[in-house]
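K.L.:
Read off the chains here:
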Amino acid sequence: MHALLTGPIFYLSLGVCIIGMIVRFYQYFNGLSWQLDRVAYKQWPARGFKGAIRSIYKWLIPYGTYGWRAQPVMTAAFFGFHIGAVFIPLFLVAHNVFLQEKLGISWFTISTPMADILTWIAVASLCLLILRRLVLPEVRILTDKKDWGILIMSMAPFVTGLLARYQVGDYSFWLNAHILTGEIVLFAIPFTKLSHVFLFFASRAQLGMDFGIKRGGVRGTKMAW
Amino acid sequence: MPEGTLCNKKPVDTAEGITTLLADQSGKTYYEEMKSLDIDSDLLWKTIQNTCKSRIRTWLEICAHCGMCADSCFLYLTNDRDPKQVPAYKIQSTLGEIIKRKGKVDNAFMLHAMEVAWSQCTCCNRCGTYCPHGIDTGIMFGYLRGLLYQQGFVPWEMKIGAGMHRVYQAQMDITNEDFIDTFEWMVEEYEDEYPGLTVPVDVEDADIMYTVNAREAKHYPEDLAEAAILYHIAGEKWTVPSKGWELTSLAMFAGDWAACKIQVDSVYDAMDRLKPKRMVGTECGHAHRATVVEGPYWAGRKDGRPPVESIHYIEWLAEALREGKLKIDPTKRIKEKCTLQDSCNYVRNHGLRDVAREIVSYIVEPGYFVDMAPNREHNFCCGGGGGFNGIGYFRKQRNVGLKCKRDQILATGATLVLAPCHNCWDAIRDLEEEFEIGIKWSFLKPLIIGMLDIPDHLKPEPEE
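Protein chains in written order, with our numbering: chain B, 1 to 225; chain E, 1 to 464.
Hints were generated in silico from the structure; no laboratory data involved. Take these hints with a grain of salt, some might be off.
Unchecked claim - DSBU-like, lysine-lysine: derived pairs with alpha carbons at most 30 angstroms apart:
1) Lys302/E with Lys42/B
2) Lys332/E with Lys440/E
3) Lys277/E with Lys222/B
4) Lys403/E with Lys337/E
5) Lys146/B with Lys275/E
6) Lys102/E with Lys146/B
7) Lys50/B with Lys84/E
8) Lys222/B with Lys243/E
9) Lys193/B with Lys403/E
10) Lys261/E with Lys146/B
11) Lys46/E with Lys58/B
12) Lys104/E with Lys10/E
13) Lys403/E with Lys325/E
14) Lys337/E with Lys193/B
15) Lys145/B with Lys102/E
16) Lys440/E with Lys146/B
17) Lys145/B with Lys261/E
18) Lys337/E with Lys50/B
19) Lys337/E with Lys145/B
20) Lys42/B with Lys275/E
21) Lys261/E with Lys222/B
22) Lys146/B with Lys100/E
23) Lys332/E with Lys145/B
24) Lys193/B with Lys440/E
25) Lys145/B with Lys53/E
26) Lys243/E with Lys325/E
27) Lys100/E with Lys222/B
28) Lys102/E with Lys222/B
29) Lys46/E with Lys42/B
30) Lys275/E with Lys193/B
31) Lys42/B with Lys337/E
32) Lys332/E with Lys193/B
33) Lys146/B with Lys46/E
34) Lys193/B with Lys302/E
35) Lys53/E with Lys42/B
36) Lys42/B with Lys277/E
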């Protein structure tokens, strides 16, 4: 089982994820239309590029926008989860050892105590996001089964990872469960709402171009995100 | 009944058609007929397949259902935080559903979608600036309005408005002759006070081609005279086109994209014909959006720009005051607490956030101006944008929405609201009528005229 999960299934899930992301990214930008979207993308590339970068960059900073500042608790939970969701899979020592072994690549790693802290913060933040979904009427009305599926899918690798890390019960079981749930996420990224991990950049870039080229950009005004 | 005699899928494009619709008081029969109007699901789905591309589809798909857009919407806030007023819910339950069902929706669904599209969203685009994913629900509602219009599910006034643009290239039944006659008549009225005051019609190569809101000609003709007076005193070489003088577009509110093109083409034709250096539009928000911001795209202009540089009235006014073309008598500056209504259509959606504030710095005595909170790009809609003001069928909902602006104004303690936008001006007038909070409201033109320091050579000869 372990050999299967760390062998063919791993390669397949990573391949599906990366190729899927590339295809969908291409489809997104190829599907933009200057006349339907009413944004002259090609005529003003420099303005569009600046607007896009600004629109992405501002929203990547915790409390960097009016929107983030308007909802401080949500923002804390959001970044608490997403920082862990980016740093742990990519920069954990064990993950890099694994990548070195499987793909012959590895990069910068974070210390184990740091990884522990980020993971616990991510799990706690996810609990807050779940609570928010259950309690706030304006979020509850939007929530459907798929949203719960995505939440469970995103939480599983963290929880199984922690159980394996602290060797609760059967270590090898939790390790396999961790690898499997991680691979499920990789498979799901191009086909579910998890596509936001890359389409976030596409969508933010588009609105940034809209403001940079048409809505304000033409008057030299930078949108106060 | 598949198609009504008044309510149907056909746009109105004759004067008789408009008269017939207008004769149906408050659209009583029109809305009755709408209740049994059929849906052409094939056309609906085909249109979506042809026009709903990656931007909107991705928005609908990646919406994280986080609800962060809720507090950004003034209609959510003024409706006691009703979850059904959350922007994401409003669009997912209408446009989202239509797409999910591949256009196979029934009459009741479309009636509901119409109510949401015109009474629960003013297309102010504020939510778009509060969504982490950059999802602009206002844009999607604009798109949905187009789909509904095509199926005949459009408020009565909007159908008439779009028809007016098709027939008269103006939002009201004012012919080109009526317009010029009114302008000339109003200017004559003020000739004695301002010797040499004229309306230069169809002058080629002028510095400014001035365009207006048809209702100025119909209901507020003084506004035309005020514009002429200000250009006259500023010494501008200006002109009005005898054709293509209408800046507004109710067709944009209606979602009648073909009429939008007809309308904006008429203005661009005037630009091509008269070759002015610049176009200046009157104090109107949606009109600026329609003709200057969105118009180039309807007209098929790849650079997204009108044929000549086109600016809002406040941009011209700020420039004229800055350069000393117009001089303010400091003793006549505003000395009462006043505030400013930022129009969504040219502030959030066209970056003119500081221009009106520059004007304020010239015309308001220091210490008397108080900004609303929030303001600039983050200001709330006046409560009547996107056609909301004009739809009798949704008047009750509109009046609830006005509470947001009422409370913003009350919090400033101001008794005068500067409102350089027709829609905002109307909404503020209506909120005063509805809630009687004791405020005045005004466009900038009459205020400026009242405080001008007029050069002697432009003053009338003193009577012997």
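K.L.:
Now tell me if each hint is right for this structure.
P.N.:
Now the hints, each set against the structure:
1. For the suggested pair Lys302/E and Lys42/B, the alpha carbons sit about 9 angstroms apart, so the restraint of at most 30 angstroms is met.
2. Between the alpha carbons of Lys332/E and Lys440/E the distance comes to roughly 18 angstroms, so the proposed pair stays at or under 30 angstroms and holds.
3. Annotation: proposed proximity of Lys277/E to Lys222/B holds, straight-line Cα distance about 26 angstroms (limit 30 angstroms).
4. Taken as a hint, the Lys403/E and Lys337/E pair is honoured in the structure, with Cα atoms around 20 angstroms apart against an allowance of 30 angstroms.
5. Between Lys146/B and Lys275/E the alpha-carbon distance is near 57 angstroms, which puts this suggested pair outside the 30 angstroms criterion.
6. For the hint pairing Lys102/E with Lys146/B, the CA-to-CA distance comes to about 20 angstroms; that is within 30 angstroms, so the pair holds.
7. Under the criterion of a C-alpha separation no larger than 30 angstroms, the hint pairing Lys50/B with Lys84/E is inconsistent with the structure, at around 36 angstroms.
8. A threshold of 30 angstroms between alpha carbons decides the hint, and for Lys222/B with Lys243/E the separation of about 36 angstroms lies outside it, so the pair is violated.
9. This hinted pair does not check out: Lys193/B and Lys403/E have alpha carbons roughly 36 angstroms apart, beyond 30 angstroms.
10. Distance restraint check for Lys261/E and Lys146/B: the Cα-Cα separation of roughly 41 angstroms exceeds the 30 angstroms cut-off, and the hinted pair is therefore not satisfied.
11. Using a Cα cut-off of 30 angstroms, the hinted pair Lys46/E and Lys58/B is violated, with the two alpha carbons roughly 38 angstroms apart.
12. Between Lys104/E and Lys10/E, the direct Cα distance comes to roughly 20 angstroms. Compliance with the 30 angstroms bound is thereby established for this hinted pair.
13. The hinted pair formed by Lys403/E and Lys325/E fails the criterion: a straight-line CA distance of about 39 angstroms is larger than 30 angstroms.
14. Of the pairs offered as hints, the one joining Lys337/E and Lys193/B is violated, with about 50 angstroms between alpha carbons and a cut-off of 30 angstroms exceeded.
15. For the suggested pair Lys145/B and Lys102/E, the alpha carbons sit about 21 angstroms apart, so the restraint of at most 30 angstroms is met.
16. As the CA atoms of Lys440/E and Lys146/B are separated by approximately 51 angstroms, the hinted pair breaks the 30 angstroms bound.
17. The suggested pairing of Lys145/B with Lys261/E is violated, with an alpha-carbon distance near 43 angstroms, which exceeds 30 angstroms.
18. A C-alpha spacing of about 39 angstroms is found between Lys337/E and Lys50/B, which places the hinted pair above 30 angstroms, so the restraint is violated.
19. Note on Lys337/E and Lys145/B: the hinted pairing is violated, with a Cα-Cα distance of about 53 angstroms set against a maximum of 30 angstroms.
20. Taking the CA atoms of Lys42/B and Lys275/E, the gap is about 27 angstroms. The hint holds against a cut of 30 angstroms.
21. As the CA atoms of Lys261/E and Lys222/B are separated by approximately 29 angstroms, the hinted pair is consistent with the 30 angstroms bound.
22. Under the criterion of a C-alpha separation no larger than 30 angstroms, the hint pairing Lys146/B with Lys100/E is consistent with the structure, at around 15 angstroms.
23. The hinted pair formed by Lys332/E and Lys145/B fails the criterion: a straight-line CA distance of about 64 angstroms is larger than 30 angstroms.
24. Taking the CA atoms of Lys193/B and Lys440/E, the gap is near 49 angstroms; set against the 30 angstroms cutoff, the hint is violated.
25. Under the criterion of a C-alpha separation no larger than 30 angstroms, the hint pairing Lys145/B with Lys53/E is consistent with the structure, at around 26 angstroms.
26. Pair hint Lys243/E plus Lys325/E holds up; C-alpha atoms about 28 angstroms apart against a cutoff of 30 angstroms.
27. At roughly 36 angstroms between alpha-carbon atoms, Lys100/E and Lys222/B are farther apart than 30 angstroms, so this suggested pair is violated.
28. Note on Lys102/E and Lys222/B: the hinted pairing is violated, with a Cα-Cα distance of about 39 angstroms set against a maximum of 30 angstroms.
29. A hinted pair counts as satisfied when its Cα atoms are at most 30 angstroms apart, and Lys46/E with Lys42/B qualifies at roughly 27 angstroms.
30. A distance of roughly 51 angstroms separates the Cα atoms of Lys275/E and Lys193/B; the hinted pair therefore is violated under the 30 angstroms criterion.
31. Distance check on the hinted pair: Lys42/B and Lys337/E sit about 46 angstroms apart at the alpha-carbon level, beyond 30 angstroms; violated.
32. This hinted pair does not check out: Lys332/E and Lys193/B have alpha carbons roughly 60 angstroms apart, beyond 30 angstroms.
33. With a C-alpha separation of about 28 angstroms, the suggested pairing of Lys146/B with Lys46/E holds against the 30 angstroms cut-off.
34. A distance of roughly 33 angstroms separates the Cα atoms of Lys193/B and Lys302/E; the hinted pair therefore is violated under the 30 angstroms criterion.
35. Note on Lys53/E and Lys42/B: the hinted pairing holds, with a Cα-Cα distance of about 17 angstroms set against a maximum of 30 angstroms.
36. With a CA separation close to 26 angstroms, the supplied pair Lys42/B and Lys277/E stays within the 30 angstroms bound.
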